[in-house]
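Based on the provided sequences and hints, a complete structural model is requested.
There are 2 protein chains.
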Amino acid sequence: MSALGEFDLIRRYFTPSALPEHVVAGVGDDCAVLKIPAACELAISVDTQVCGVHFHADADPASIASRALRCAASDLAAMGAEPLGFTLALTLPAADENWLEKFSQGLLQTAQQLQCPLIGGDTTRGSLCITVQVHGSIPSGKALRRSGAKVGDAVWVSGTLGDGAAALALIENKIAVSQEAENYLLQRFYHPEIDFSLGVQLRGIASSCIDVSDGLLADLGHICSASGVGACIELEKLPIALEWRSSVSEQQAQHWALTGGDDYRLCFTASPQHATVLQSVHGVTCIGQIIEGAGVLVDGQTTIYKNGFRHF
Amino acid sequence: MSALGEFDLIRRYFTPSALPEHVVAGVGDDCAVLKIPAACELAISVDTQVCGVHFHADADPASIASRALRCAASDLAAMGAEPLGFTLALTLPAADENWLEKFSQGLLQTAQQLQCPLIGGDTTRGSLCITVQVHGSIPSGKALRRSGAKVGDAVWVSGTLGDGAAALALIENKIAVSQEAENYLLQRFYHPEIDFSLGVQLRGIASSCIDVSDGLLADLGHICSASGVGACIELEKLPIALEWRSSVSEQQAQHWALTGGDDYRLCFTASPQHATVLQSVHGVTCIGQIIEGAGVLVDGQTTIYKNGFRHF
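Respectively, the protein sequence lines represent chains A and B.
Mapped onto the numbering used here, the consecutive letters of the first sequence carry residue numbers 2 to 313.
Mapped onto the numbering used here, the consecutive letters of the second sequence carry residue numbers 2 to 313.
The set of hints was computed from the structure by calculation and includes no laboratory data.
Wrong hints could be hidden among the right ones.
One copy or any two copies: either way a pair holds, since identical chains are not told apart in the list.
Listed below are the simulated BS3-like cross-link pairs for lysine-lysine, each with C-alpha atoms no more than 30 Å apart in a straight line [to be verified]:
| hint | residue 1 | residue 2 |
| --- | --- | --- |
| 1 | Lys175 | Lys36 |
| 2 | Lys36 | Lys143 |
| 3 | Lys103 | Lys238 |
| 4 | Lys36 | Lys151 |
| 5 | Lys175 | Lys151 |
If you want it as structure tokens, here you go:
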């Protein structure tokens, strides 16, 4: 336990050196104050990561920080929002200066990469728990909702699926992979890329959108229930990274692609009229279509896969 | 442990029945989406309450909820902001339906009282920890900052001081008080009134403002360091509630009024030209003035009181 006080801790570790013009007040007043761009609405999302549940106690603090911010920012991308800034509510068992140094460096570096500055927060004592809330702007009425999918729309995903589950299996020593695959998976787990520009491109094109955090079946299921439709996806179309695909059975790879959480990719639907435009977008794959009914079919069959990660 | 899933839990307990027009998307999408009133900036503040640190495990869940929301909302009032909505990041050891029922009822009731609707959140498994983030609007450039106090300004507080510390002493069985005093103190501790209208009235009048959460000396000290000034307050002018004042020694009462946290009153400074207007405002008291120098003097003396509550 350190003699470092709460205010010193915030000043030393969590005060960014420079803030963009839209941040009227950052860390150090009762509230942070933001200017919202003209004709825009505010998108906000909050995400908590608990030590022992979402990350291991001995994980690299900079990686924990990167992951916490990126997981929260993923929801902004899924709404088609552009980042304005984030707050950090950090609960710590003790003010461990070595841990804080690495954590804050990872956090501020990630903030710079995402162009999403730290604007406020709270530090408290307790079991290690990290709550990040992100704030973004969207032109009024242009938010990508879960509820707009229509029968006949195509279902798309960005990037590859199953990386999060494969990475977790690796971290828990349940699979053995090549060094190249390990590097890839750890990068995907701790530093998932957040593609705000894809969300922005999808404004006016996607009829619905969600980020894949609970697993494809669960998250596409959320789109289906919010939209009052069903979906059918084709197993062989699921994009799975070549880096690790051959390290496990094909069935395991497909299972993770369908049900694994923590991918932080976008799953979205769009009318067939947009197919040509979307085929020219790098890294997106059409995996199925929206149908009448409810729930998600895989190759026309009701699935017996468990539906994603549940906390309770 | 219940069989209740995370999504059922959110649907059952944390979905308000009606939302005001400025909430474009509430609980149930990737992000909440808010319209910010025209010509306004966004004020945000986040506050975490940890079981065993900020409240006792066996406290009434509805009271825990009320306190968590009110403590966060206090920062909005201190900036002169009006509430738009809040998010809840709730970490729970188990989905205890009895606890959740009471907690969510207390939360939604408090939200209604404060006209600050629940617009989003996250639920995770872990040690009980409650993070509330509040969002409010302020006409552009009108936020009440900590940094504007000027030499010669008067120092004011709203309501009474020391209630939070006296309530904590009562809860921890360290003092005995009358039934009337007990009712008063428990009400003040779990349901501190948040006076958004006072913050709004102070726009253009207060040169600086803060809410008293860490204790008067600490919080007025924050104003002094942000403004590059000192302050001198008069001990006999501190407003202390008659309900409990005579239950403890006068020295104890003054000590709590100076250093006790959790009062959630406003401490603000204003030019003497506003004295007449402020004297007509109900429940505010002039307790001293801003002077050259640094730090807070009490009756002209440097204090040896410990400076408020520190987490580390």
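Hint check results:
For a Cα distance limit of 30 Å, the shortest separation of lysine 175 from lysine 36 qualifies neither inside one copy, at 47 Å, nor across copies, at 47 Å. Within a single copy, lysine 36 and lysine 143 get their C-alpha atoms as close as 19 Å, and across copies as close as 12 Å, so both meet the 30 Å cut-off. Within a single copy, lysine 103 and lysine 238 get their C-alpha atoms no closer than 40 Å, and across copies no closer than 47 Å, so neither meets the 30 Å cut-off. Proximity of lysine 36 and lysine 151 under a CA criterion of 30 Å is satisfied inter-copy only: 26 Å between copies versus 35 Å inside one chain copy.
When the C-alpha separation of lysine 175 and lysine 151 is checked against a cutoff of 30 Å, the pair qualifies neither within a copy, at 40 Å, nor between copies, at 63 Å.
Violated hints, in rising order: 1, 3, 5; the structure is consistent with all others.
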